[in-house]
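Participant: In case it helps, the UniProt record's numbering puts the sequence shown at residues 1 to 305.
Hints were generated in silico from the structure; no laboratory data involved. Heads up, some of the hints might be wrong.
Now the in silico label distances, taken between C-beta atoms and shown as ranges [claimed, not checked]:
(1) Asp13 / Tyr207: 37 to 45 Å
(2) Phe267 / Met233: 35 to 43 Å
(3) Asp13 / Lys263: 24 to 32 Å
Every residue, glycine too, gets a C-beta built ideally from N, C-alpha and C.
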Amino acid sequence: MDVYLPIANLAVDGLVIVALGVATGILSGVFGVGGGFLTTPLLIFYGIPPTVAAASAATQVTGASVSGVFAHSRKDGVDYQMGGVTVAGGMVGALLGALIFNLLRSAGQIDVVINVLYVLMLGTIGGLMARESLESLRSTKDGSTSKRAAKRRHHPMIASLPYRWRFYKSGLYISPLGPLILGVVVGILTMLMGVGGGFFMVPAMLYILGMSAKVVVGTSLFNILFITMLVTMVHAFTTRAVDIVLAGLLLIGSVTGAQLGTKIANFAKPEHLRLVLAMIVLGIALRMAFGLGVRPDEVYTVVPL
Numbered sequence: 001m002d003v004y005l006p007i008a009n010l011a012v013d014g015l016v017i018v019a020l021g022v023a024t025g026i027l028s029g030v031f032g033v034g035g036g037f038l039t040t041p042l043l044i045f046y047g048i049p050p051t052v053a054a055a056s057a058a059t060q061v062t063g064a065s066v067s068g069v070f071a072h073s074r075k076d077g078v079d080y081q082m083g084g085v086t087v088a089g090g091m092v093g094a095l096l097g098a099l100i101f102n103l104l105r106s107a108g109q110i111d112v113v114i115n116v117l118y119v120l121m122l123g124t125i126g127g128l129m130a131r132e133s134l135e136s137l138r139s140t141k142d143g144s145t146s147k148r149a150a151k152r153r154h155h156p157m158i159a160s161l162p163y164r165w166r167f168y169k170s171g172l173y174i175s176p177l178g179p180l181i182l183g184v185v186v187g188i189l190t191m192l193m194g195v196g197g198g199f200f201m202v203p204a205m206l207y208i209l210g211m212s213a214k215v216v217v218g219t220s221l222f223n224i225l226f227i228t229m230l231v232t233m234v235h236a237f238t239t240r241a242v243d244i245v246l247a248g249l250l251l252i253g254s255v256t257g258a259q260l261g262t263k264i265a266n267f268a269k270p271e272h273l274r275l276v277l278a279m280i281v282l283g284i285a286l287r288m289a290f291g292l293g294v295r296p297d298e299v300y301t302v303v304p305l
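Produce the entire structure from the sequences given, and follow the hints as far as they go.
Facilitator: Set out below in structure tokens:
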């Protein structure tokens, strides 16, 4: 089923795009990740231009985050005060990211930068996950139980920042500058890479800000929803790289895949699931690194003005 993508300016098999959405949706349901950091590389492998892939993936993440925010909100699992601060920082980050995006695009280097960022990010995430999974499996095999980690509060750097506020749901009394800076970083990453930023924000909220685990995921999704919404609008009006047809096909697949992934997660061991995800992430990182070092079939392309 051939479908023409007006912004990407090419025809694709619509069923393949939906299947990619299903795959990332399954990963989202099984592993509890947004899937945005895998959607963009898979689209690039299929032949979608990196700029369009990143912008359209952000649009898909927006749609996929809505149900998650409502679900956590019903369980009182969203700190709206903390979310508001990170969203404010994310808006600044998205605008800075748009400036960087346009500068790199005008220099003809945006595709290379997106690929390099993904290689670094996926390689780091995959390596850390693989190490944690192997250690967990080794402990289970030996019959030993790992010591429970001491409860961590916010990082000393966060404690040293001025103008403290009380974030009651998160159980914190810290400066809003910490979450504001975190939001800026996530906004820039979302603009450049089309990711939701949950892979970065959730650990940062836990181990840097010291938030209560009860509200971390819901607050992260709240931030992701509004930042990806803003990033989609910025991309649409500035870079004009959002392909709504592509985003729609991905969203159809991801919603279906998330339901399947949730059912799969009920039957598999978490240690095995994390190891499988780590191998997938490392495999994609290696494939992208290989693509950066190989001479393309078409050395240059001609784009009409």
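Participant: Checked against the structure, which of the hints given earlier come out wrong?
Facilitator: none
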